[in-house]
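Number of protein chains: 4
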Amino acid sequence: MDYVYGPGRNHLFVPGPVNIPEQVIRAMNRNNEDYRAPAVPALTKTLLEDVKKIFKTTSGTPFLIPTTGTGAWESALTNTLSPGDRIVSFLIGQFSLLWIDQQQRLNFNVDVVESEWGQDHYQHPALFLVDGVSSICALDFRMDEWGIDVALTGSQKALSLPTGMGIVCASAKALKASKTAKSVRVFFDWNDYLKFYKLGTYWPYTPSIQLLYGLRAALDLIFEEGLDNVIARHARLGQATRLAVQAWGLKNCTQKEEWYSDTVTAVVVPSNIDSSEIVRRAWKRYNLSLGLGLNKVAGKVFRIGHLGHLNELQLLGCLAGVEMVLKDVGYPVKLGSGVAAASAYLQNSTPFIPSRI
Amino acid sequence: MDYVYGPGRNHLFVPGPVNIPEQVIRAMNRNNEDYRAPAVPALTKTLLEDVKKIFKTTSGTPFLIPTTGTGAWESALTNTLSPGDRIVSFLIGQFSLLWIDQQQRLNFNVDVVESEWGQDHYQHPALFLVDGVSSICALDFRMDEWGIDVALTGSQKALSLPTGMGIVCASAKALKASKTAKSVRVFFDWNDYLKFYKLGTYWPYTPSIQLLYGLRAALDLIFEEGLDNVIARHARLGQATRLAVQAWGLKNCTQKEEWYSDTVTAVVVPSNIDSSEIVRRAWKRYNLSLGLGLNKVAGKVFRIGHLGHLNELQLLGCLAGVEMVLKDVGYPVKLGSGVAAASAYLQNSTPFIPSRI
Amino acid sequence: MDYVYGPGRNHLFVPGPVNIPEQVIRAMNRNNEDYRAPAVPALTKTLLEDVKKIFKTTSGTPFLIPTTGTGAWESALTNTLSPGDRIVSFLIGQFSLLWIDQQQRLNFNVDVVESEWGQDHYQHPALFLVDGVSSICALDFRMDEWGIDVALTGSQKALSLPTGMGIVCASAKALKASKTAKSVRVFFDWNDYLKFYKLGTYWPYTPSIQLLYGLRAALDLIFEEGLDNVIARHARLGQATRLAVQAWGLKNCTQKEEWYSDTVTAVVVPSNIDSSEIVRRAWKRYNLSLGLGLNKVAGKVFRIGHLGHLNELQLLGCLAGVEMVLKDVGYPVKLGSGVAAASAYLQNSTPFIPSRI
Amino acid sequence: MDYVYGPGRNHLFVPGPVNIPEQVIRAMNRNNEDYRAPAVPALTKTLLEDVKKIFKTTSGTPFLIPTTGTGAWESALTNTLSPGDRIVSFLIGQFSLLWIDQQQRLNFNVDVVESEWGQDHYQHPALFLVDGVSSICALDFRMDEWGIDVALTGSQKALSLPTGMGIVCASAKALKASKTAKSVRVFFDWNDYLKFYKLGTYWPYTPSIQLLYGLRAALDLIFEEGLDNVIARHARLGQATRLAVQAWGLKNCTQKEEWYSDTVTAVVVPSNIDSSEIVRRAWKRYNLSLGLGLNKVAGKVFRIGHLGHLNELQLLGCLAGVEMVLKDVGYPVKLGSGVAAASAYLQNSTPFIPSRI
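Protein chains in written order, with the numbering used here: chain A, 1 to 357; chain B, 1 to 357; chain C, 1 to 357; chain D, 1 to 357.
Treat the hints loosely; a few may be bogus.
Claimed, not checked - The calculated DSS-like cross-link candidates involving lysine-lysine, where the alpha carbons are at most 25 Å apart (straight line), are: (1) C:334 - B:334; (2) C:296 - D:198; (3) D:52 - D:195; (4) C:198 - C:176; (5) D:296 - C:195; (6) A:284 - A:56; (7) A:53 - A:198; (8) B:198 - A:296.
In short, the hints are calculated from the structure, not lab data.
Since we're looking at a predicted model, the values are computed, not measured.
Just chain A, same shape as in the assembly (with noise of 0.2 Å):
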């Protein structure tokens, strides 16, 4: 079943899903298996302590959820939180948007700081709830030191799994916050989880056995490749990504520098192209997958991921394809001026890879 089949293989530049890598497509291509049975407690054991070190936390208590990065959202509020608690939210861009929008929805008390996020703003007695979907595992990222009381992600982002896992960390304070909480919740009720935990048996009801799998083999490519390196792979695409962008002669929709995500890069269009004529036909002519700008920015950006299980060169057949759009539409772009800059950092900046050194 391929509506739309290309020759050679797409290039997945969304900043989620991302692309798999062959050691998780491998791992999940099996049968179903009876979750009641020692293995999968088992597995479980590993994954949930293993887990943790992509949060950078030895005291939270993780939960693997067979649902989204919304449903981790909605585990994370009901069931810290009550209805009618108050909840200061910091609006920085659409996905914050969205997780407003489901507080407002779940009749919390939303107070939204349009204001600019400063470190600042982490000193206080509340709890601290961290939407960590598109940082966690890609980014510098420390739950403990930073005393967040839930972070949480996606399977399909930084960890390069298909999406159907909401993975959320709940610090001690978290944890005693879900035993009082008065939101209404059964699904998403971490008090469930934890009597199974206690039993051993771990799942109040059917995980996705291939997942489990899935993310055993991605924590341990992880792990392998050590959670530093692929922070700093990161780093150094993003900085490639934006050297580029600059080489175009073409804005980063993100405005100051502290603020650049290395996962992924908003880039702004001059106002006479339809920035969504250049997602289209990236993917009609090139087989390359760009994200739509959204909301507000619709039409007037597009965004390349450059997070997950990615490496320099994938990146530059990206810049390279952005290129020929951009001249496909209009846009006097000097063809491989993008390239040349992120090839000079990167020819720079790459490390040998360490297997093979």
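Chain A is already provided as a structure; the job is to place chains B, C and D on it using the hints.
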């Protein structure tokens, strides 16, 4: 990563998750894709249309939710009811108990009817919600004809997929109720789906690409076999199993014939035997996965799941295994007796495989 | 592409190709690789070392040739013999007939011995070539101890891989013979392999990357189970099959007990029944693949292959299927009788799965 | 088992084995099957019919041999010639050298022509044998129109399959020659195949079930893209590569334009650089697999394979990688220059993907 390798195939006879056809495993063996590119909506459109056939509805609206059966339940309840609404719930086994628990925790006003199930119950003006997790696509099920308002199943049951997709189908009356239902929900909110259905992009959040292609393959196989033939096959395997149980001199936990299930058989063991020991040995010695008795029948029954992608000889292999385990634990079974009874029935009733005649 | 879809698993009981373990299918689920990069020689080195263990040789030199068993035969002959050389060949079944045919067509001078096989035959100064296609890795086989000069097998037999790799092991004496053997050969020439062994690149032409990784996984599984346990399992399944045949009142085509094979059982059918009809119906009605009788026993016997990645309940499912087919074609079998006889033996002799104790 | 894990995809640009489409990997992800049951002959029939299309023959007879290109050569020679027969062989590169070596070792009487290749050579009454391993299914090739008697290719080249199938196509004249050719052969004997073709069972020995289904998928993709479009794509990628080489100031090892290959480009490096170091670094630092120079050009050239399942952005990623490696080893390349030259050409010449217009 196989903690507990054993030679040969695992014989998976829990009542879910069930065996995945090789064709479906193949269809899911793929990289992620951009779900906003045209291919995924085109695929989704065919799925939403075709999935209605397994509910036998033409007027219902299906939702393919990245969740489990428990989540599908929650979706059915929170989209149609407001806190305090009265539910009449029928207590018929462990999973009805769990659903009732969910109903109570979601603050509905639940009347539990322990009396017998009967046809007359559904002559009423109330919304009619049916948990079809263990029956849809395996047993005769007719959403429209029976006036059902919400029916639901999970991917890992008769559809023979991995866990991770809750499939919910809502009547026009249920959809109307969802416009006014005051239960708090976001992740499970049908109205978010309907908004994207209208846009033709279908997904309020990221779906599992792999499960979409898997569902396509699963539906194709079901339609190739013929839904009526699938149901007849389940009836055949169910009856064969019950004949074996009888031949062993054991009792079906289900007491009345009209309640027999063609997807699972719970077998009562003599009081001097612990049914958990049967399940344990089956797995440890014969690579056979049977279901435990749950809750009040824990230790007293074991369950043979016979649903999903399964054929006669697989079942006979399982029955031969159960006989050996029964003997292992001291029950004086006549080896071969159950297989003989089941075979006598199957040898008479099994049709030729249509594609091979 | 499945011309002949049937519900449930195919029950594969031909004497090859046999069932592939899910672990091996996974290991082979991969893209091609540059076989001249360091990874492939590193992998090959472990394979050449470990494959010797299944021949029970320490001094032999193995060759992993991209061919079938027929090619492995040709490799054994053309590398050790010159046209006109005399071969004493033992005629013991269809495949010896085929090998003898090959020997004659390759211009050797073949003495066919139709007499009984016996131990004394191998006290001689001649080169001793053994076709182990259906025995190596399933039966007790000791290349060094028995003084064998060339032993060979194919990947699709007891190793439980896809077809495509002929595995040949040569003694020092055989290697020496290959230096002077005048038979014309290039593709099969061991000396081309030896040249690349010396270089450490191993391959005179392109190997199948997938089969190399598959062989790695297959060997890992065999060593995890323990080669002796693998052989014991084959003995157990062979004996169980023979007991079932006896219980059905049918004859084993192999007349003397010391000749019984633990990898395949050829069952003689009554003269009024066409064994091909049994094979045909098994496939058409029960999704069971049995082996045809070949050549002079065509129509008179059917074969049950019981080698490779297989366990007790798979075999019992097959035996139950054979019983039903026998009844289908009019043979007055008592349903359950063969399964009962086999189960009685297996219930006594099957060990616990070591990893699950 | 990944000895040398690196993040992101391997960029496979050796001239074979090449990248396998995900669709083909999926098709091969399966258990073994009984090749004597009706499904496999039915599949084989379609393959033998369809494979002729890639040779552009209607009268030829194809053989799908479980072997490599080297084996396909041997099949072509031994089936059509007798020892001592005269062969006029054209020496044009490393693989012709290897084939000539094979011809000599098979005891033919070989005249090696080192002169230039030209059209006039094929006006002759002799059998005309063509090694199309690196061209069939990638370049314009017309067996019937050009009067070719035996043409052959290997699965791991333009067909983009794993290694393991030699595909040989014989004209009526070649088949006739095979009736009298006295070269000794059994495994490669076409007459054994023809005997089974007549029986409708097709296989003289066990084929790889996985490669048969893989070939079916590969042919389906080629026909969906259109063979002419496949050839045009190879021409486009070949030209883009040559433009990049030129922009780098380097020389194509092939000296005359009419000899340029659209499947591989051998790049001559300056005499102070060791081309093996380029190949080594490409793999160690950028996960890029390039081809070594072989034999007399070892150390002097590296090769970029651009055949099989490949698209524009994959190639541009490779070219960007080559630029960085060239800089790594001290060659004063202008980063981005080759990509710019290739992009300028590709941006003009790449068609929309037909299924996506």
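Status of each hint after checking the structure:
Our distance criterion of 25 Å between C-alpha atoms is met by residue 334 of chain C and residue 334 of chain B, whose separation comes to about 15 Å. Taking the CA atoms of residue 296 of chain C and residue 198 of chain D, the gap is about 20 Å. The hint holds against a cut of 25 Å. Restraint check: the Cα-Cα separation between residue 52 of chain D and residue 195 of chain D comes to about 19 Å, which is no more than 25 Å; the hinted pair holds. Proximity of residue 198 of chain C to residue 176 of chain C is assessed by CA-CA distance (about 16 Å); at most 25 Å being required, the pair is judged to hold.
Restraint check for residue 296 of chain D and residue 195 of chain C: satisfied, since their Cα atoms lie roughly 18 Å apart, inside the 25 Å limit. Between the alpha carbons of residue 284 of chain A and residue 56 of chain A the distance comes to roughly 41 Å, so the proposed pair goes past 25 Å and is violated. Note on residue 53 of chain A and residue 198 of chain A: the hinted pairing holds, with a Cα-Cα distance of about 21 Å set against a maximum of 25 Å. Between the alpha carbons of residue 198 of chain B and residue 296 of chain A the distance comes to roughly 20 Å, so the proposed pair stays at or under 25 Å and holds.
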